[in-house]
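**Q** Can you build the whole structure from these sequences, using the hints too?
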Amino acid sequence: MSRAVDLAVIGAGPAGLAAAIEARRIGLSVLLIDEQPGVGGQIYRATDTSPVSGSGILGAEYRRGGELALSFRASGARHMAGSTLVDITADGWIGFEGPDGVEFVEAAQIILASGAVERPFPVPGWTLPGVMTVGAAQTVLKASGAAPQDDAVLVGSGPLLYLYAVQLLRSGRRPQAIVDTAPRLPALRALRHFPRALAAPLYLAKGLRLLNEIRKSGTAHHRGATGIRIEGADAAESIVFQASGRRHSLNTSLVLLHQGVVPNIQITQALRCRHRWDDAQLCWVPETDEWAQTSRPGLRVAGDGAGIAGALAAEYRGRIAAIGAALALDRIVEPDAEERARPLRRLLKTELAARPLLDALYRPADDLRVPSEPDTIVCRCEEVTLGDISRAVTMGCPGPNQLKAFVRAGMGPCQGRMCALTVTETIASLRGRHPGEIGSYRLRPPFKPTTLGALAAMKLPDAPEIDRAGNTGTVELAEQS
Amino acid sequence: MFSRIEENPAEALVTFLFEGRPITARAGDSVAAALLLAGVATTRTSPVSGAPRAAYCMMGSCFECLMVIDGAADRQACLTPVADGMVVSRQLPLSGGGS
Chain Z
1 MSRAVDLAVI GAGPAGLAAA IEARRIGLSV LLIDEQPGVG GQIYRATDTS
51 PVSGSGILGA EYRRGGELAL SFRASGARHM AGSTLVDITA DGWIGFEGPD
101 GVEFVEAAQI ILASGAVERP FPVPGWTLPG VMTVGAAQTV LKASGAAPQD
151 DAVLVGSGPL LYLYAVQLLR SGRRPQAIVD TAPRLPALRA LRHFPRALAA
201 PLYLAKGLRL LNEIRKSGTA HHRGATGIRI EGADAAESIV FQASGRRHSL
251 NTSLVLLHQG VVPNIQITQA LRCRHRWDDA QLCWVPETDE WAQTSRPGLR
301 VAGDGAGIAG ALAAEYRGRI AAIGAALALD RIVEPDAEER ARPLRRLLKT
351 ELAARPLLDA LYRPADDLRV PSEPDTIVCR CEEVTLGDIS RAVTMGCPGP
401 NQLKAFVRAG MGPCQGRMCA LTVTETIASL RGRHPGEIGS YRLRPPFKPT
451 TLGALAAMKL PDAPEIDRAG NTGTVELAEQ S
Chain G
1 MFSRIEENPA EALVTFLFEG RPITARAGDS VAAALLLAGV ATTRTSPVSG
51 APRAAYCMMG SCFECLMVID GAADRQACLT PVADGMVVSR QLPLSGGGS
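Residue numbers (the working numbering), protein chains in the order written: chain Z, 1 to 481; chain G, 1 to 99.
Bear in mind the hints are in silico, worked out from the structure with no lab data behind them. For clarity, every value in this text was computed on a predicted model and none was experimentally measured. Hints should not be assumed to be uniformly reliable.
Covered, in the sense of this in silico footprint (three residues per stretch, anywhere, with C-beta under 8 angstroms from a C-beta of chain Z), are these stretches of chain G [what the hints assert, rightly or not]:
hint : segment
1    : 9-22
2    : 56-64
Label-pair distances were calculated between CB atoms; the ranges are [claimed, not checked]:
hint : chain 1 : residue 1 : chain 2 : residue 2 : range
3    : Z       : Leu202    : G       : Ala38     : 38 to 44 angstroms
4    : Z       : Leu185    : G       : Asn8      : 41 to 47 angstroms
5    : Z       : Leu185    : G       : Gly71     : 37 to 43 angstroms
6    : Z       : Pro445    : G       : Thr15     : 34 to 40 angstroms
7    : Z       : Glu437    : G       : Gly20     : 49 to 55 angstroms
8    : G       : Gly50     : Z       : Glu290    : 47 to 53 angstroms
9    : Z       : Gly436    : G       : Gly50     : 46 to 52 angstroms
10   : G       : Glu11     : Z       : Gln242    : 56 to 62 angstroms
11   : Z       : Leu208    : G       : Ala83     : 30 to 36 angstroms
12   : Z       : Gln242    : G       : Thr15     : 43 to 49 angstroms
13   : Z       : Asp48     : G       : Thr15     : 20 to 26 angstroms
14   : G       : Ala12     : Z       : Gly98     : 44 to 50 angstroms
15   : G       : Ala12     : Z       : Arg64     : 43 to 49 angstroms
16   : G       : Gly50     : Z       : Ala220    : 32 to 38 angstroms
From the derived model, a few chain G residues whose C-beta atoms are all more than 12 angstroms from chain Z [unchecked claim]:
hint : residue
17   : Val40
18   : Val48
19   : Ala51
20   : Ala72
21   : Asp84
22   : Met86
23   : Ser89
24   : Leu94
We put the beta carbon where it would ideally sit given N, CA and C, even for glycine.
**A** Take a look at the structure:
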């Protein structure tokens, strides 16, 4: 059977869009598959439709998404929107569930650009309605032009927390308070990265500007907060914490949590790509070579899914991955590939210069990654607590996969998305081992839950004749060539 | 409670039904965002303890916003755009959800 497409790109954020654009420039046929109705990913969410895109609330960086979307639309790449990846087979068939059910397309090369997710924030009460992530609230701002009234409490650390606080202020809203879990004084290990970060002065200046805007607004900013606990019967009613040597209690109906982002490795894990534990970013990262190639031939990872580096780095890495795909398909010769990639690698190096400082400055606190109170829920879907995990480990449970059998952790509808990192770090801590030795959940397709009906009705790649409508079960891409 | 930063009279609106109550939203809103704006606090209950849950991540990861939409259970409300005449209800223990 002929290949339906040279390159399939999964994810329409900056890495995916840049990869698709670059691959089209080289002359590859490209299919971009993404879950959302529009392009942009999370960072440029709703870039074509946001009611507040012209208002200045989201900042100048957000406009970069519009430029990327424009280039993408002019590139001739095909876009399957509203489509969720279900499986990638060993021989390169990609199954996805879209508006027309589950279908398959064959791709010679695949670039995964599934981005980042927010790190779990397992504190008592984090499953209550009225508790969501800062990223979730920012999605509502970008996509629906809406923001909370003045009682929201922002809790945690990291650039996104400050950025969202400033976006609220620019919207004419104001958080009730920021409960900052970053240590009051940066650790010495953070400061040693400072000289290198001077190569990327924009990031340092931006961070200071955000903090300054927050200070000038007079928003209550509790630094060095510990012992966070959200209370309420059927919804969040208050948040309790320690700061400046005393206990605080704030009444609120909306608590927004954030402690950084980590690579979304759901698909690379399910495909058994090799991963390593990153001690600086405290997460799993798929191993990739200089062309973004994973341990699985023909599968590349670009953008934050290959390690957190931000939106601009994602673009450079997306383009490098696309050049790598073209090289693997003999559609570009090696000297030309190197020449195309050279300026991108240089830009990427500058972009990465500030990362070690950011990673160290906003390193999430140990007791917010591994909960200390036995009643804290770790696996939200199956309501598995720290106490349950401790008991299982005491009984001899060695790792995350065995934990499934002990207490069903990671076996609910989110397939471990919300608890995998916490489970790894918790078991590592309980057993006195390094997280890299403990491993993570063994995941399996479908990558997201789907219905039996959808599977029964899917168009199978090897049996196009069963499709009475005359479709081959693959996406028609003739218009690209 | 969330509210729009500014109302735009030129925007297209859609009306859907949440447990019998008509809710008007902006075309382009997700079901989860529209409910948040309408003050609906809960999307489902936990099948383990029955505790109420609500959308947590708004980007398709947490599955806390699983709802019954147009008769189908286990739909991610944050990934489903609102549509005129859509029928939405919370996913409760007897509503057929698999979670």
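**Q** For each hint, tell me whether it holds in the structure or not.
**A** Okay, the hints, checked on the actual structure:
1. For the segment 9-22 of chain G, the assignment as covered by chain Z is violated, since 1 residues bring a beta-carbon within under 8 angstroms of that chain's beta-carbons and 3 are needed.
2. Proximity of the segment 56-64 of chain G to chain Z, defined as three or more residues with a beta carbon under 8 angstroms from a beta carbon of that chain, is established by the 9 residues found.
3. The hint said 38 to 44 angstroms for the Cβ distance between Leu202 of chain Z and Ala38 of chain G, and at roughly 40 angstroms that hint holds.
4. Range check, Leu185 of chain Z to Asn8 of chain G: Cβ separation about 46 angstroms, and the 41 to 47 angstroms hint holds.
5. Checked against the given bound of 37 to 43 angstroms, the beta carbons of Leu185 of chain Z and Gly71 of chain G, roughly 56 angstroms apart, lie outside it.
6. In this structure the supplied range 34 to 40 angstroms holds for Pro445 of chain Z paired with Thr15 of chain G, their Cβ-Cβ distance being about 38 angstroms.
7. The beta-carbon spacing between Glu437 of chain Z and Gly20 of chain G, approximately 54 angstroms, falls within the hinted interval of 49 to 55 angstroms.
8. In this structure the supplied range 47 to 53 angstroms holds for Gly50 of chain G paired with Glu290 of chain Z, their Cβ-Cβ distance being about 52 angstroms.
9. For Gly436 of chain Z and Gly50 of chain G, the hinted distance range of 46 to 52 angstroms is not satisfied, since their beta carbons lie about 38 angstroms from each other.
10. For the pair Glu11 of chain G and Gln242 of chain Z, the beta carbons lie near 45 angstroms from each other, so the given range of 56 to 62 angstroms is not met.
11. Between Leu208 of chain Z and Ala83 of chain G the beta carbons are some 45 angstroms apart, a value that contradicts the proposed interval 30 to 36 angstroms.
12. Gln242 of chain Z and Thr15 of chain G have their C-beta atoms about 47 angstroms apart, which keeps the hinted 43 to 49 angstroms range intact.
13. For the hinted restraint 20 to 26 angstroms between Asp48 of chain Z and Thr15 of chain G, the CB-CB distance of approximately 24 angstroms keeps it satisfied.
14. Restraint check, Ala12 of chain G to Gly98 of chain Z: a C-beta distance of roughly 24 angstroms breaks the suggested window 44 to 50 angstroms.
15. About 27 angstroms separates the C-beta atoms of Ala12 of chain G and Arg64 of chain Z, a value inconsistent with the hinted range of 43 to 49 angstroms.
16. A C-beta distance of roughly 36 angstroms is found between Gly50 of chain G and Ala220 of chain Z, which places it inside the suggested range of 32 to 38 angstroms.
17. Interface exclusion of Val40 of chain G from chain Z breaks down, the closest Cβ pair being 9 angstroms apart, not more than 12 angstroms.
18. Residue-level check failed: Val48 of chain G sits 4 angstroms from the nearest beta carbon of chain Z, not beyond 12 angstroms.
19. Remark: the non-interface label on Ala51 of chain G conflicts with the geometry, its nearest Cβ contact in chain Z lying 7 angstroms away (cut-off 12 angstroms).
20. Remark: the non-interface label on Ala72 of chain G conflicts with the geometry, its nearest Cβ contact in chain Z lying 8 angstroms away (cut-off 12 angstroms).
21. Listed as a non-interface residue, Asp84 of chain G keeps its Cβ farther than 12 angstroms from every Cβ of chain Z; the least gap is roughly 16 angstroms.
22. Once the 12 angstroms rule is applied to beta carbons, Met86 of chain G is consistent with being away from chain Z; the minimum gap is 15 angstroms.
23. A cut-off of 12 angstroms between C-beta atoms confirms that Ser89 of chain G is not in contact with chain Z; the least separation is 16 angstroms.
24. Every beta carbon of chain Z lies more than 12 angstroms from that of Leu94 of chain G, the smallest distance being close to 18 angstroms; the non-interface claim holds.
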